[in-house]
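Chemist: Protein chains in written order, with our numbering: chain V, 3 to 190; chain L, 47 to 235.
Please note that the accuracy of each hint is not assured.
With a Cα cut of at most 27 Å, we get these calculated DSSO-like pairs of lysine-lysine [to be verified]:
(1) L:Lys217 - V:Lys39
(2) V:Lys39 - V:Lys79
(3) L:Lys217 - V:Lys23
(4) V:Lys47 - L:Lys76
(5) L:Lys198 - L:Lys219
(6) V:Lys79 - L:Lys56
(7) V:Lys79 - V:Lys23
None of these hints come from the bench; they were simulated from the model.
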Amino acid sequence: MTGNILLFTNATTTAAPVSEKATAQAQIVERVCAGDKEAFGELYKAFAPLVHGIILARVPYDEVDDLAQEVFLSAFKNLHTLRDQTAIGAWLSMIARNRAVEFYRQTKPTEELSEEIREKDVPQTEAREILAAIRSLPDAYRETLVLRLVEGMSGQEIAERTNLTPESVRVNLHRGMRLLRRKLGIEE
Amino acid sequence: MKKEDYLWDKTGSDPEIERLENALAVFRYKETAPPELPAKVLPFTKKENTRSFFRFAYAAACVAFVAIALGVWFQISNKKPVVAEIRTEFAAPVIENKIADVVPVKDTEQSNVAAPKQFINRKAVKIQKAVYKNNLAAREIKVKSATVALSKEEKYAYDQLMLALSITSSKLKLVSDKIEGNTVNNDGR
């Protein structure tokens, strides 16, 4: 258990070297800072799945889209505070995580949905169970697994967008998958 | 080995992971339009401006701190001679008042004439005895004379000075005791 926690902290702190993609993203960020709305659209398209995945790993499915939009608006307002423009992915991830934490701080009155509405809006039971199992994993594992299994990104893509090293992502994927199999009672 | 490849870059196949992917596909991000931005988007100010502002503010704060520190230091250093003056002014009236309280001087022509030395010595001895016998009375006299002669600030300065002197004298006594003790030890050896 202790080993897992240590690995988690190491994995999240190691940043990947700046790639060509990162420099292209930095150029988009510069254009957004200059007031280019189209560039903001490009930025949204490139990072929306990442933000969606990170939020989905933490909050109920119904809230994810709204929160993702809020994350991008907040990012747009504070984009001038971003020092390293090549680290836009890591920065957006951080905003998304903070927004998810903030979501749970707000006290909202909740009401049980009727069976009809539930069946209509909420995805199947098996999918919900798998997602719940992923959410019960440590942060680093659940984020990587959601990005891989839900958002369909490859390990390399996850590394590029989150500014983590490919090695860290690979380790998180395999350890997370092992834990998930155990949780779901799947034999390796 | 195939399982690892599929999990990392989707090469090969892993039926278990594929099953999970298919089940979880319902949660996948569906392309939506980006959030609406404000109608008028102004270019952001450069970071260098804010940084230089903070640098300037930091420098100004340092200068202000040094100026205040110097001012306080000068004030403290200027106060020291004032304390010394108070002491010299204060010393005389205390004795005078003591004598005046114990020995009332008659308001006659004889009061202008200097009293004989023997008479003064006797009276002085009497005063000393009275002071040493009754400590409370002595304190009252001292307080009375101090309040008459000095203001609050002056009194405070005087007290501080006396305290400093008493500490110094006690330290000196300690030193002298030590030296004497050492000499005794040396002599003993």
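Chemist: Does the structure keep Lys217 (chain L) and Lys39 (chain V) at a Cα separation of 27 Å or less?
Modeler: 79 Å, violated
Chemist: Given the hinted pair Lys47 (chain V) and Lys76 (chain L), is their Cα-Cα distance within 27 Å?
Modeler: 11 Å, holds
Chemist: Against the 27 Å threshold, does the CA-CA distance of Lys79 (chain V) and Lys23 (chain V) hold or violate the hint?
Modeler: Judged against 27 Å, a Cα distance of about 24 Å means the pair holds.
Chemist: Below or equal to 27 Å on CA atoms is what counts here, so check Lys217 (chain L) against Lys23 (chain V).
Modeler: 76 Å, violated
Chemist: For the pair supplied as a hint, Lys79 (chain V) and Lys56 (chain L), confirm whether the alpha-carbon distance does not exceed 27 Å.
Modeler: Given pair Lys79 (chain V), Lys56 (chain L) is violated - Cα atoms ~37 Å apart, limit 27 Å.
Chemist: Given the hint that Lys39 (chain V) pairs with Lys79 (chain V), test it: the Cα-Cα distance must not exceed 27 Å.
Modeler: 13 Å, holds
Chemist: Could you grab the alpha-carbon distance between Lys198 (chain L) and Lys219 (chain L) and see if it respects the 27 Å cut-off?
Modeler: Not satisfied, since the Cα-Cα distance of roughly 31 Å exceeds 27 Å.
Of the numbered hints stated above, those contradicted by the structure are hints 1, 3, 5, 6, listed in ascending order.
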